[in-house]
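Peer 1: Got chain A sorted already, so can you dock chain B onto it with the hints?
The listed protein sequences derive, respectively, from chains A and B.
Quick note on the numbering used here: the first sequence kicks off at 1 and runs consecutively.
Quick note on the numbering used here: the second sequence kicks off at 1001 and runs consecutively.
Hints are supplied without guarantee of correctness; some may be wrong.
Once the Cα atoms are required to be at most 30 Å apart in a straight line, the calculated DSSO-like pairs of lysine-lysine come out as [said to hold, decoys possible]:
no., chain 1, residue 1, chain 2, residue 2
1, B, K1231, A, K316
2, A, K149, B, K1377
3, A, K621, A, K632
4, A, K316, B, K1232
5, A, K361, B, K1017
6, B, K1019, A, K361
No wet-lab data here; the hints were simulated from the structure.
Each chain, letter by letter, is given below.
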Amino acid sequence: MGAQKKGATARVSEDPEELARNPLQAILLADSFATTFRPITLERPKVLLPLVNIPMIDYTLAWLESAGVEEVFVFCCAHSKQVIDYLESSQWSSQPNFSVATIESHNSISAGDALRLIYERNVIHGDFVLISGDTVSNMLLTQALQEHKERKKKDANAIMTMVVKQSKPSPITQQSRLGTDELFMAINPVTKQLLCYEDKAEYSKGFISLDKTLIADNPSIILHNDKQDCYIDICSQEVLSLFTDNFDYQHLRRHFVKGLLVDDIMGYKIFTHEIHSSYAARIDNFRSYDTISKDIIQRWTYPFVPDVLCGSTAIKVERQGTYRASDVTLSRSAHVGSFTFIGQGTKIGNDTKISHSVVGKGCTIGSNVTIEGSYIWNNVTIEDGCQLRNAIVCDGVIMKSGAVLQPGVILSFKVVVGHQFVVPAYSKVSLLQQPTQQDSDEELEYADSTSGTGELQSEKLNGDIAPDLSETASELGTGGVGYIWSVFEGVQDEEWRHSVAPIPTDKLVKLMLDEDEEQLTQDGNVLSASGELKADSDDNGSEDENNEDSRDDYVFFEKEVEATFLRAVHENVKVDHAVLEVNALRLSYNMASVDCAGAIFYSMMKLAVESPHSSASELLKNAAEMITKWQKLLKSFLHDIDEEIEVILKFEEMCLESAKEFAALFPQVLHLLYDKEILQEDAILRWADEKEGADESDKVFLKRSEKFIQWLKEAEEEEDDD
Amino acid sequence: MPDTQALVNDFLNKLKKRKIEGSQATAKQTAELLRSVISQTRVPYTNQAAALIQSVKAVGEGLIAANPVELAVGNVVRRVLHIIREEDLSLTTAAMAGLNLSAVSDDEDDVDGDNQPVLSAAAIAAASRSTLRPPSLQTLLEDVPDSAAVPHTSSSGGDSEGKSKSADKSSRSRKLKHDVIEAVNELIQDINTCHEQIAEQAVEHIHQNEVILTLGSSRTVLEFLCAAKEKKRSFRVFVAEGAPRYQGHLLAKELVTRGLQTTLITDSAIFAMISRVNMVIVGAHAVMANGGVIAPVGLNMVALAAQKHAVPFVVLAGSHKLCPLYPHHPEVLLNELRSPSELLDFGEFSDCLDFGSGIGAPLLHVVNPTFDYVPPKLVSLFITDTGGHNPSYIAEIYQLFVMSLRGEDMKFKSEIMKTNCIAGGNLVKS
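In isolation and in its complexed conformation, chain A is listed as follows (with noise of 0.2 Å):
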């Protein structure tokens, strides 16, 4: 309190008139706007998940009324009404000296939109602290302040305050504790001006670049990756007005900070406050619950801890971290381990073990029950001989005896899992059924989704059930309840990163043995952008200098010649200067001929599938048409048998992989390649005897080229006889 007091009056001191017209506001965003939280959050805004068994939005509120906010304007978009009525019932709607209002939107999608309707209203009147409602923090806000408001002073373009916060990322999955990927932070070390904000997810892994100019303008650069941003922002009146001024701006970090870095027409500026002692965090995803879970058993949010909010009478901590209310019944035989939480009202049978969980109020747990690092909510009943291991169980969950969930399984509410059913790991399981994924930018989808959901989901509870028993009972066991839900295509390698089970070892193992199986998924994402931006940074030399991985090379240079290839092709380059272009790329990435025709003869083929087609006649076609248009380049760097069949593996592997159209047609575009002359028919027969020791499964295309091999050969033979 000390601290508080002092910057209080410090603040008086300063600018009296100023303290007195601005009560200090806050802008809580009770909706991510994301999807992470699917399916929990069809039901349930996200805010108002428990985490340690209270409600998200009470740390973060708790937070601002003890940091001196006085004015918290909580958007809520969607389940508004919920919200809502949250926080009529709460304590927050009595309290003196800091007001909680309420502004709904049915239409927002993005953060953007909320604060374009906040900035409307014309309810923020100075400076006002930013934050989602699933931020837990128990930073002093004072300092912050004080050190936004001088700035502020001396250079009006210093618009906001980003809280950041020392947190190292895992060298080997690439992402923090919370599961986020790991986040390059460009500050000046004097001023503490943010320069360069890259998350991973946007630029592939390898290098960043940064503007030749700040290097020229800032003495010295500070590049950080092992700073967690807090998602805490102070920001200034201008913020608002910003966002309403560039209209597409959606995503904070995405659009606003980067779009603010980049533009140095305005000059507004950025700056960071780290902070040391104090914890500051936000739930994104699975992963982050997990671990903030943790951190607040084991008290680094202090006073946020659920003793102290609950009233130390409710809730006792015990020895070892064991958090337990008063009226718990506990068979004598059970075993709670070391930093569990245990709610009220909470029945635990014979030899249970818990450890490392948080069970809500008044579940039914029976005997011989193992709970390992899970979350289970309120009402829940598990019956006996039930195993969970790092699994979240939604409200009003009843799981049969012997049920099993096997790491990282969400069940939202009310779903029942069938008598000894096993739920396999990652599965997700509602009552909902899984919207059609007709959308892929999660930003809209669940935006889409919600506005409409909250009535439509309470019919679905009440008139639904009955029905789908019969139908269902075969996706959760006997008497089960519920849908699995299928994992996105694609997403699915990527599921270990953000669920609430730890990263399996053997994923661990994987991810060190060879890194470039994640280069490849990482890559998927960024085909088109990659050519500017290795220009750009070759310009600047800052690049990252610890992935020297010849693999990872390959596919950076891969990329580089699709892009060329693609750029000749639209813009009618000569032949001889993408040739050229080609084998300056060659140089400076340091490849092989081999290595230019196998990227070259990728990005045909990659065109041809990507051209309009309907058929697969149609398919040959354009391939057909591709390859005569540019045999010329392809051949210029054939020069002997070895890259021809470098040609062939490629294809092959394309036809595995990327491009399966093209698994039928393997032989009619090798035949195509043979009249061409881009193929020798020693390259082909040289290629075809050294699948002939391949395993079965590799002699796929080779058995489908069989006929045109065989007839190569009779050629020869022909050949030899006269």
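Peer 2: Here is chain B on its own, set in the frame of chain A:
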């Protein structure tokens, strides 16, 4: 009384958020809050004491629940309840004396005019029996709570009760509240001046050329040492820094500005230094009824070291820190676990706390308890504002100097304690 409610809520909030630190500040603010509660309470004509007690209890329970670790709150609430009873008692006695007088000269004492009561002798006897009983150990131990005794006088004197109350309604109603507020003011004054009163005794304990050891920082200790210095005693002070909050640094600074020869040592050097020390003087968070001390963390170690070298271990405690409760399971139930960030920097250790890899459970656990429990046998002497006492007499000191314990007030707190004990007992069993 909306404004009191706001005050109460505000204070509750501060207690909950741990924004008030130090027993003295807490005790003072609690007393001030209760004073305003009392002054705002609307007292009925009859049974005013009960009404006051009820409202103080209602507020007090909330305050204690808000931070049960801060025992000073409970202590002050109990003191205030005691004050109300005492004042009520003295008024009743006075009224009784007045009645006796009125029995002698019936017509002269007609202050209230028409409703002059006529009391039966039995009623007077019953009232005097219950009200004039002196506080004694017997009262304390008597299981029958005498809470009903004062307000209800006795069931036999049914109608007389109402009459005896109405007798002095106009004068007493204002007078009781007034007296109580006066007494609470005195209590606040006592809390304010406890440092000086303790410090006055300094010269009796600190002698020329002695070496004094203390740990952490306590205002009481500071005043105590400075008082001895002012009396021209020349002595040296060893200050152990008191990790993890290092308040010893502040104390050392303060002592040096007051011109005391000071040596700052680490907590771990205490055992090495203790043989050169003549006396250990420390502050306390609370003193329990058995003479055990709830003290800042590290003091148990100091006490053990002092015992080993037969160095007197002296605890300074204002009377608001004396607590009539017995410690059950003190290291858990009467402790507060603070944030581990006081011990280490989260950022530096963030890779040890990555729950995503490995077994998913933290291998690093940082425990930061606020308090130690020093058992009574390690304490040589308590110095309170009423003088120096041996730990085995602490309960009696409480009785004699602080307040006579009443069954109902004990019960008031012990209900909360009981629940804690049960929870603790379960832990042991399970």
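Peer 1: Please go over all the hints and tell whether each is borne out by the structure.
Peer 2: These are the hints, each one checked on the structure:
1. Under the criterion of a C-alpha separation no larger than 30 Å, the hint pairing B/K1231 with A/K316 is inconsistent with the structure, at around 47 Å.
2. Distance check on the hinted pair: A/K149 and B/K1377 sit about 56 Å apart at the alpha-carbon level, beyond 30 Å; violated.
3. In summary, the hint linking A/K621 to A/K632 is supported, as the alpha carbons are separated by about 18 Å, within the 30 Å threshold.
4. Distance restraint check for A/K316 and B/K1232: the Cα-Cα separation of roughly 49 Å exceeds the 30 Å cut-off, and the hinted pair is therefore not satisfied.
5. Between A/K361 and B/K1017 the CA atoms are separated by roughly 23 Å; this keeps the pair inside 30 Å, and the hint holds.
6. A threshold of 30 Å between alpha carbons decides the hint, and for B/K1019 with A/K361 the separation of about 29 Å falls inside it, so the pair holds.
The structure fails to meet hints 1, 2 and 4 from the earlier list, while all remaining hints are met.
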